[in-house]
Amino acid sequence: MFARHFKNLTFSVSRLNSPKCFSKVPIKADPIFKKYVPRRAVLYVPGSDERKISKIPNLDADCVVLDCEDGVAVSSKEAARVNIKKTLDTLHFGRTEPIVRINSVSSGLGKEDLQVVLSASNLPPTLMLPKVEMASNIEWLAETVVSILEGMNKEKHRMFNLIIFIESALGLLNFENICRRSVELMELGVPLSLEGVVFGSDDFCANIGAERTKDAIEIMYARQKVVLVAKAFQMQAIDLVHIDFKDLEGLRQQSLEGARMGFTGKQVIHPTQVPVVQECFTPSAQRIDWATRLIAGFNEHQAQGKGAFVFEGSMIDMPLLKQAQNIVQLVESLKKVTIPESQAATEPASETAKKDATATNNAAN
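In UniProt numbering, the protein residues as written are 1 to 365.
Calculated from the structure, these hints are not laboratory results.
Nothing here was measured: the structure is a model prediction, and the numbers come from that model.
Don't take each hint at face value.
Unchecked claim - Calculated lysine-lysine pairs in the DSS-like style (CA-CA distance at most 27 Å, straight line):
#1 K231 x K322
#2 K55 x K77
#3 K214 x K246
#4 K322 x K225
#5 K52 x K322
#6 K52 x K77
#7 K335 x K322
#8 K77 x K111
#9 K322 x K306
#10 K55 x K335
#11 K246 x K55
Unchecked claim - Derived Cβ-Cβ restraints for the label pairs, each shown as a range:
#12 K214 x R95: 29 to 35 Å
#13 I295 x E176: 29 to 35 Å
#14 G94 x Y221: 35 to 41 Å
Using N, Cα and C, we set each Cβ at its ideal position, and we do this for glycine too.
Using the sequences provided together with the hints, build the complete structure.
Encoded structure:
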């Protein structure tokens, strides 16, 4: 089961690599254990920068990444760890989800990050592991987290959400196997629930020798592949960074493109980007109205023993119903978020819904 709690559990390399562990696992989701957590804008904040961290409660971002990795100089790594621990224990995040990004397995710094961060009284709900290239990276994280928690004799029932980064050709090629292995480890009782993937476009371009362009055509295939595998494993997919943080219109267009492609959120590097991105990945008022009424109509026809039915001139089948359900699911997770006035209905709900159902469905998955 996806969320089986682990108790008195110890892991070793031999157990993780046993033949039983490598049995094929079907791609499926268990909705009983899946609670949708919106991550539309994923904002990075260097763990060593106390001034920026102090502003988090006022940003109204879905999630904030307390960074130990790229945003922190090597000389400041230890200070970042200690400051992140203090932040977890003392800062009131409000509705914002705190996430901690540790250093990569290959850096040799990840274990030190975890030793400090996991010693906090308030453990982070979500961990991020960058530069994942093979399943053994997930095995390392699983064994390290379990070992540290057991050594501290704390929170042995705790499940952590896990978000990984795909940032290289090797990582993209191995992405499906990485996801399968993560599911296997969860079924063994490892306290890591793989919830999402971030596409690290700049590192990816550097890895394959591509030149970044404004329209990002050079990474179109990689973005599509990330979404494809993520959705096969019922995961969120977080799109690339729009580096020019002053170009809000360019950010808006790229965000809408990402939503249409199937991404559920976007990385941001400046607070001014947060409201733009979160608006682009939020269903409009007319789409919400359309989805709510469609589901009500479906339930009414089901009660009458009817299957497919006509709704506002269109024949409704299961795929369209699923789109409506995805919209409602996302809205339910955003109850504390006010729908921007700019999204107020300006045309009939049915017409808008037909135009935007695909993009909204992608944002909600």
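Violations among the numbered hints: 5
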